[in-house]
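Visitor: Let the sequences and hints guide you as you build the complete structure.
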Amino acid sequence: MLGRTAASLFWLSRYVERAENMARLLEVGYRISLMPRAIEGHRDDWRSTLTSAACEASYFAKHKDITTPEIIHHLLFDDDNPSSVRTCLRTARNNGRAVRTALTRDVWESLNGTWNEYSQITPGSIGPDRLPGFLDWIKQRAMLFRGALLGTMLRHDTYYFSQLGTFIERADNTARILDVKYYILLPKPSDVGSDVDIQQWSTVLRSVSAHRAYRWFYRDSTYRPWLVAEFLILREEMPRSLIFCYQWLTRSLNGLGELYGQRYECQTEATELYARLKAGNMDDIFQSGLHEFLQDFVNANNRIAAQIAQTYNFP
Amino acid sequence: MGSIFNEMLNPDGSVRGPYAQIHDWVGSLGTAHVERALKEAEGIFRRLGITFAVYGAEEASERLIPFDIIPRVFSAMEWRRLTIGIEQRVRALNAFLHDLYHRQEILRAGRIPQDIILQNAAFVPQMVGLTPPRGVYAHIIGVDIVRVSETEFYVLEDNCRTPSGVSYMLEDREAMMFLFPDLFKRHRVAPVENYPAMLRSTLESVAPSGCKGEPTVVLLTPGIHNSAFFEHAFLADEMGVELCEGSDLFVEGGHLYMRTTQEPKRVDVVYRRIDDAFLDPLTFRPDSALGVPGLFDLYRAGRVTLVNAPGTGIADDKSIYTYIPDVIEFYTGEKPLLKNVPTWRCGEPQALKYVLDHLAELVVKEVHGSGGYGMLVGPTSSSREIEEFRARLKANPKNYIAQPTLALSASPTFTGSGVASRHIDLRPFVLTGDRIRITPGGLTRVALKDGSLVVNSSQGGGTKDTWVLED
Chain A
1 MLGRTAASLF WLSRYVERAE NMARLLEVGY RISLMPRAIE GHRDDWRSTL
51 TSAACEASYF AKHKDITTPE IIHHLLFDDD NPSSVRTCLR TARNNGRAVR
101 TALTRDVWES LNGTWNEYSQ ITPGSIGPDR LPGFLDWIKQ RAMLFRGALL
151 GTMLRHDTYY FSQLGTFIER ADNTARILDV KYYILLPKPS DVGSDVDIQQ
201 WSTVLRSVSA HRAYRWFYRD STYRPWLVAE FLILREEMPR SLIFCYQWLT
251 RSLNGLGELY GQRYECQTEA TELYARLKAG NMDDIFQSGL HEFLQDFVNA
301 NNRIAAQIAQ TYNFP
Chain B
1 MGSIFNEMLN PDGSVRGPYA QIHDWVGSLG TAHVERALKE AEGIFRRLGI
51 TFAVYGAEEA SERLIPFDII PRVFSAMEWR RLTIGIEQRV RALNAFLHDL
101 YHRQEILRAG RIPQDIILQN AAFVPQMVGL TPPRGVYAHI IGVDIVRVSE
151 TEFYVLEDNC RTPSGVSYML EDREAMMFLF PDLFKRHRVA PVENYPAMLR
201 STLESVAPSG CKGEPTVVLL TPGIHNSAFF EHAFLADEMG VELCEGSDLF
251 VEGGHLYMRT TQEPKRVDVV YRRIDDAFLD PLTFRPDSAL GVPGLFDLYR
301 AGRVTLVNAP GTGIADDKSI YTYIPDVIEF YTGEKPLLKN VPTWRCGEPQ
351 ALKYVLDHLA ELVVKEVHGS GGYGMLVGPT SSSREIEEFR ARLKANPKNY
401 IAQPTLALSA SPTFTGSGVA SRHIDLRPFV LTGDRIRITP GGLTRVALKD
451 GSLVVNSSQG GGTKDTWVLE D
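Just so you know, the protein sequences line up as chains A and B, in that order.
Counting from 1, position 141 in the first sequence corresponds to residue 141 in this note's numbering; the numbering is continuous, with no gaps.
Counting from 1, position 156 in the second sequence corresponds to residue 156 in this note's numbering; the numbering is continuous, with no gaps.
Hints listed in this document are in silico derivations from the structure and should not be mistaken for laboratory results.
Quick reminder that beta carbons are idealized off the backbone N, C-alpha and C, glycines included.
Check the hints yourself; a few may be wrong.
Beyond 10 Å from chain B on every Cβ pair, some chain A residues (computed) [to be verified]: (1) Glu27; (2) Ile66; (3) Glu117; (4) Ser125; (5) Ala148; (6) Leu227; (7) Arg263; (8) Asp284.
The following label-pair restraints were derived from C-beta to C-beta distances [as the list claims (entries may be wrong)]: (9) Thr152(A) / Arg392(B): 48 to 56 Å; (10) Ile121(A) / Gly213(B): 51 to 59 Å; (11) Glu265(A) / Pro286(B): 33 to 41 Å; (12) Gln21(B) / Arg105(A): 32 to 40 Å; (13) Pro11(B) / Arg105(A): 46 to 54 Å; (14) Met143(A) / Gly418(B): 40 to 48 Å.
Guide: Below, the structure is given as structure tokens:
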């Protein structure tokens, strides 16, 4: 397989995953902006959405103030924002087109159909009443893509490279969402256990579609920061947790290693990170600082992504 | 040039042999039936992503080419006669190219003026003295042919660079077999589906002599923004070869390699769908990011084969076209079996005068243009368009040639208001490697507008499945 083909497979999955996460973040951000003013600091919430989405710089390059319509436009439609849903879907589809022959028809149709529809939408037509439905649609299209991928692709290198893209992106997203909560919204002692606090933890869980799963899993009616963090970092049952992502990343890298009959540094490093997560416990993580832990994780994740690109000759 | 030849009906209204059953079938088609079939066909094409990019039309940058469901049919006899003519022409073109880049006998013999070859931008001096494997230059040629009577065919132009459209030939057949399987049961239609296999055999047969074992073939594309990208991906997939961009290939230690997810893989044959000028920034356009630095030196050293060879454009240049009958006689010693359309070279004062006096009757084309752009079709143009064109022609007469408006044959075609006659042409695809291979059929293009003679897809033309019936 050409290195460029592998890169396209990796990036097209990564961009679809990013589009889905963006829709989720917006959903939550928008929900908060509708909350009664009793809950102060909604501007901070939008700011934290921007930070979680890694879109702060691109937003403030164009806008001075935080306003709901401008944020929504920036995250959904702005062509200058390399992570807007529009850019993600276009890039994913163009990557898919370049490697059309490596994709099954179902995977290609999901990408192509999504972009064809999205490109027809005029930003002005998505008013507040249509936004929730629209965000749902974006998530559904991402799920359709993933379903097509899982259901029709040969378990061969094409499949592994797509999986790598998905889980590198997802790991990055989950770590970022958690970190923002801890760093930007650093709980003041007075807030702990307050409405604001509960509100914010629920936000974090909603951003990864886990607010109900959390209740079922911990059989607990309140959100405990300790458990939320554990849920999103160390629980393999949770499909957007860091450890889950690394379980799948190691699986895919092992698959490639077997297929090509060679073991590379990225495989070793991912396996080690997975082992560390598996042996980890929340006591230690909080002891040494959650923020530091997450920063380290994001850096390691980026490093592994770069190693993958280098190892498999991405252009 | 007389009356229009009808592919299906004789002047007395009787049905021509090859169309015997098609005629009845067309008669039995209800409008609703056809519309449903066309919708299905469109669905098939969209799903497969068969699109055609139209330069300058931003909103429709990936458009479907209209497809007509009524096939164009040749009898086995008609086709045999045609292929003999095509083969003769293709042999002569390759001999011509070999000569131009070696001893230039044809220039010495004074059959073609030297200037028009040596000062032609399509002549590639870097090719002088170089002999590609098997002496083949134009491995893939699309010959554009029009029919004007039962037995008369004219060649409009030869496409010796990187002719496109073969994917439509294949997909049109797929669509027809899907939509009307019955029709195929009632005919013995020669298959076209072997084309990708034939292409691959042709490409493998011209691997460098030093290549051991099974040659590695790749298809080199300019990328997804190219108008024919769909075809590049389609052919690579059908042949089972990698679809490469320039950045996927590199030259090292006297060989060409592609970057894979494992070890670099050596490449022997490059079926390139990028123009000469962009092949290698070290030899041709230095600003080209599409090509591979050092590729041409490797080619000269016989380490890799480029298909088609660089410099084949000199054989299909419109200013050379008028000399092709001489070319055929010169190299084959035979009379040309397929005729050229009579052509005026506007650079010659006598010819220019005639052309200016008869603009309303003629088709005037740019010598270097393609795709139906920058041309005047006199009979269907307004007097204002003609006057505008007259000014352009006078300003630079050497840039134009003129031809009479040919009475292109017409074929029954499904239109918004039922079945009607529309003008068609034919582009058969000819492969030359260890031998010459011609797919039975080709791409039939149809001008969908009533009376229009422009069949180019970039100008609203459509396509038809082309049938060659077996005896």
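Visitor: For every hint, state whether the structure bears it out.
Guide: Status of each hint after checking the structure:
1. The beta carbon of Glu27(A) is kept farther than 10 Å from every beta carbon of chain B, the shortest such distance being approximately 31 Å.
2. A cut-off of 10 Å between C-beta atoms confirms that Ile66(A) is not in contact with chain B; the least separation is 34 Å.
3. Its beta-carbon lying about 13 Å from the closest one in chain B, Glu117(A) satisfies the requirement of being farther than 10 Å from that chain.
4. Every CB of chain B lies more than 10 Å from the CB of Ser125(A), the least distance being 18 Å, so the non-interface label holds.
5. Non-interface status of Ala148(A) relative to chain B is upheld: no Cβ of that chain comes within 10 Å, the nearest being about 13 Å off.
6. Every Cβ of chain B is farther than 10 Å from the Cβ of Leu227(A); the closest lies at roughly 41 Å, confirming the non-interface assignment.
7. Every CB of chain B is more than 10 Å from the CB of Arg263(A) (nearest about 13 Å), matching its label as outside the interface.
8. Against the 10 Å criterion, Asp284(A) stays outside the reach of chain B, whose nearest CB is about 37 Å from its own CB.
9. The hinted window of 48 to 56 Å between Thr152(A) and Arg392(B) holds, with their beta carbons roughly 54 Å apart.
10. At about 53 Å, the beta-carbon gap between Ile121(A) and Gly213(B) stays in the expected band of 51 to 59 Å.
11. Taken as a hint, the range 33 to 41 Å holds for the pair Glu265(A) and Pro286(B), whose Cβ atoms sit roughly 38 Å apart.
12. One distance hint, 32 to 40 Å for the beta-carbon pair Gln21(B) and Arg105(A), holds here, with the actual separation near 34 Å.
13. Checking the proposed 46 to 54 Å range against Pro11(B) and Arg105(A) shows it holds: the Cβ atoms sit about 48 Å from each other.
14. Hint check: Met143(A) to Gly418(B), Cβ distance near 46 Å, so the stated range 40 to 48 Å holds.
In this structure, none of the earlier numbered hints is contradicted; all agree with it.
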